[in-house]
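Chemist: Take a look at the letters that make up each chain.
4 protein chains.
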Amino acid sequence: MFLTLDFESTIPIYTQLKQQIIAGIAKKELSAGEALPSVRAMAADLGINLHTVNKAYQQLKQEGFILIHRQKGVVIHPDGVAKADQAYFQRLESSLHPIIAEAICRDVSKDEFLSLCKKIYDSYHMKE
Amino acid sequence: MFLTLDFESTIPIYTQLKQQIIAGIAKKELSAGEALPSVRAMAADLGINLHTVNKAYQQLKQEGFILIHRQKGVVIHPDGVAKADQAYFQRLESSLHPIIAEAICRDVSKDEFLSLCKKIYDSYHMKE
Amino acid sequence: MFLTLDFESTIPIYTQLKQQIIAGIAKKELSAGEALPSVRAMAADLGINLHTVNKAYQQLKQEGFILIHRQKGVVIHPDGVAKADQAYFQRLESSLHPIIAEAICRDVSKDEFLSLCKKIYDSYHMKE
Amino acid sequence: MFLTLDFESTIPIYTQLKQQIIAGIAKKELSAGEALPSVRAMAADLGINLHTVNKAYQQLKQEGFILIHRQKGVVIHPDGVAKADQAYFQRLESSLHPIIAEAICRDVSKDEFLSLCKKIYDSYHMKE
DNA sequence: GTGGTCTAGACCACG
DNA sequence: GTGGTCTAGACCACA
Chain A
0 MFLTLDFEST
10 IPIYTQLKQQ
20 IIAGIAKKEL
30 SAGEALPSVR
40 AMAADLGINL
50 HTVNKAYQQL
60 KQEGFILIHR
70 QKGVVIHPDG
80 VAKADQAYFQ
90 RLESSLHPII
100 AEAICRDVSK
110 DEFLSLCKKI
120 YDSYHMKE
Chain B
0 MFLTLDFEST
10 IPIYTQLKQQ
20 IIAGIAKKEL
30 SAGEALPSVR
40 AMAADLGINL
50 HTVNKAYQQL
60 KQEGFILIHR
70 QKGVVIHPDG
80 VAKADQAYFQ
90 RLESSLHPII
100 AEAICRDVSK
110 DEFLSLCKKI
120 YDSYHMKE
Chain C
0 MFLTLDFEST
10 IPIYTQLKQQ
20 IIAGIAKKEL
30 SAGEALPSVR
40 AMAADLGINL
50 HTVNKAYQQL
60 KQEGFILIHR
70 QKGVVIHPDG
80 VAKADQAYFQ
90 RLESSLHPII
100 AEAICRDVSK
110 DEFLSLCKKI
120 YDSYHMKE
Chain D
0 MFLTLDFEST
10 IPIYTQLKQQ
20 IIAGIAKKEL
30 SAGEALPSVR
40 AMAADLGINL
50 HTVNKAYQQL
60 KQEGFILIHR
70 QKGVVIHPDG
80 VAKADQAYFQ
90 RLESSLHPII
100 AEAICRDVSK
110 DEFLSLCKKI
120 YDSYHMKE
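Protein chains in written order, with numbering that gives the first Met the number 0: chain A, 0 to 127; chain B, 0 to 127; chain C, 0 to 127; chain D, 0 to 127.
Keep in mind that the hints are not guaranteed to be accurate.
[What the hints assert, rightly or not] No farther apart than 20 Å at their CA atoms in a straight line, the calculated lysine to aspartate or glutamate pairs in the EDC-like style are these:
(1) D:Lys-60 <-> D:Glu-33
(2) C:Lys-109 <-> D:Asp-110
(3) C:Lys-117 <-> D:Asp-110
(4) A:Lys-118 <-> B:Asp-84
(5) A:Lys-26 <-> B:Glu-92
(6) D:Lys-60 <-> A:Glu-92
(7) B:Lys-109 <-> A:Glu-92
FYI, nobody ran anything at the bench for these hints, they're computed from the structure.
Values in this document were obtained by computation on a predicted structure and should not be read as measured data.
Generate the whole structure from the sequences, applying the supplied hints.
Modeler: In structure tokens:
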């Protein structure tokens with residue numbers, strides 16, 4: 000799994016890290032139960048601060064993507080991620096709303112938009 | 000046009016304001032050439048600082064949603080917003096990527112996801 | 000002579016007006032001694048405020064481009080504009096400095112820059 | 000690098016700051032990848048408010064002269080500034096137009112004008 | 001009265 | 001300690 004961070008992005012590094020790990024899971028590059036590098040190792044690999052990695056891991060844990068064992072270290076959640084619940088759909092919808100509003104302003108047709116979503120969706124499943 | 004801000008949200012107020020105005024344009028509640036309240040009036044209405052409003056306006060202007068007319072004040076861009084270009088689609092795609100990745104992890108099917116997008120998309124066009 | 004104002008520009012209207020009149024003189028569309036519309040007429044023509052026209056006229060007068068007679072009204076300075084003096088060259092240089100600095104940063108070659116200047120220069124003299 | 004601001008000037012301080020930094024890049028006093036003082040440090044150095052410095056930095060960033068690195072802070076854009084494009088040449092031309100029109104009115108010959116441009120251009124490259 | 005600029009001081013997210 | 005956000009109050013240029 001390759002992690003690429005953009006230090007010039009406005010997106011916080013810990014968020015980028017989270018997103019990349021989630022993307023890895025979605026692409027099945029990271030499978031349930033698989034071990035992730037320790038906070039220290041990950042930080043050293045990426046040349047970033049321990050706190051930054053830790054923050055990403057803590058949030059991933061809190062959102063049910065990973066487990067942090069004192070001994071076994073960090074592993075992808077073996078039972079799969081917590082499924083979509085009410086709260087998640089609400090978050091999802093509110094994150095899509097502004098994106099779609101802007102797309103409409105810019106005259107992106109519904110089909111065009113849905114095609115793009117499909118394309119991205121498939122880009123994850125192709126790897127399956 | 001009703002603007003509702005969430006002062007508890009982690010999303011900056013000026014961003015919320017931007018999004019609501021963009022949503023207003025998408026819903027055709029705000030039509031091309033229509034005037035927006037002055038920074039001062041808007042700030043007073045919302046109970047926020049005029050600089051916060053100004054920041055939102057400046058960004059909307061820079062992104063082509065509004066323009067600042069020396070006589071009419073702040074108005075919705077009359078020619079419609081700059082259409083979707085290469086750069087926009089790139090931004091759009093990178094904003095959708097992490098959202099879709101998470102949806103996949105949470106076992107949201109492609110159809111389910113697309114339905115949600117459709118629903119949101121239509122919620123803007125219903126007002127037409 | 001055609002005057003076109005951009006009410007959406009960041010450049011003040013009175014400045015645009017000044018520049019257009021100066022351009023008119025440079026292009027010999029306006030010749031020495033020629034009359035300009037009164038403040039009122041000009042303001043009505045352009046749909047702008049009296050004060051705005053007045054400010055432009057006052058500055059043009061102060062810089063030696065026009066004369067304002069109580070009776071004859073506003074006329075292009077019959078003796079030609081005050082020639083370039085020390086102070087003018089200093090102003091000219093300091094207005095060119097930042098422009099040229101940016102051009103250099105953007106890898107515009109000296110020849111490229113000078114060609115552009117020549118082209119613009121000629122665009123005024125062609126009308127002669 | 001020496002920055003000199005004129006607090007009496009009508010040119011906004013943040014604009015002066017921008018111009019001086021651009022001049023510094025043109026003169027190669029600031030080289031690609033080099034770090035700039037933090038907004039706070041720069042503000043303290045110049046005896047101005049940090050928001051003023053921030054505004055200059057934000058605009059320089061938006062125009063591609065600098066970028067804000069999460070680890071290194073503010074740095075001169077390492078890949079060099081975005082090269083001259085269509086839009087830039089248009090801006091350049093419209094900034095030169097009024098300057099040249101006035102020069103013509105003041106009987107500055109084309110050669111005289113071009114010599115001045117050359118002189119200024121060289122004043123940047125001498126430092127190379 | 002409008003937007004543009006500048007100052008000042010505060011809190012927070014980030015690394 | 002860094003930049004990002006928000007507030008507040010002041011002055012000015014513009015129309």
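Chemist: Compare the structure with each hint and give your call.
Modeler: Taking the hints in turn, this is what the structure says about them:
1. D:Lys-60 <-> D:Glu-33: Distance of about 14 Å is within 20 Å: holds.
2. C:Lys-109 <-> D:Asp-110: Roughly 15 Å separates the two Cα atoms, so the pair holds.
3. C:Lys-117 <-> D:Asp-110: holds (9 Å)
4. A:Lys-118 <-> B:Asp-84: Distance ~18 Å between Lys-118 of chain A and Asp-84 of chain B Cα, so the pair holds.
5. A:Lys-26 <-> B:Glu-92: Holds, at roughly 17 Å.
6. D:Lys-60 <-> A:Glu-92: Violated, at roughly 32 Å.
7. B:Lys-109 <-> A:Glu-92: holds (15 Å)
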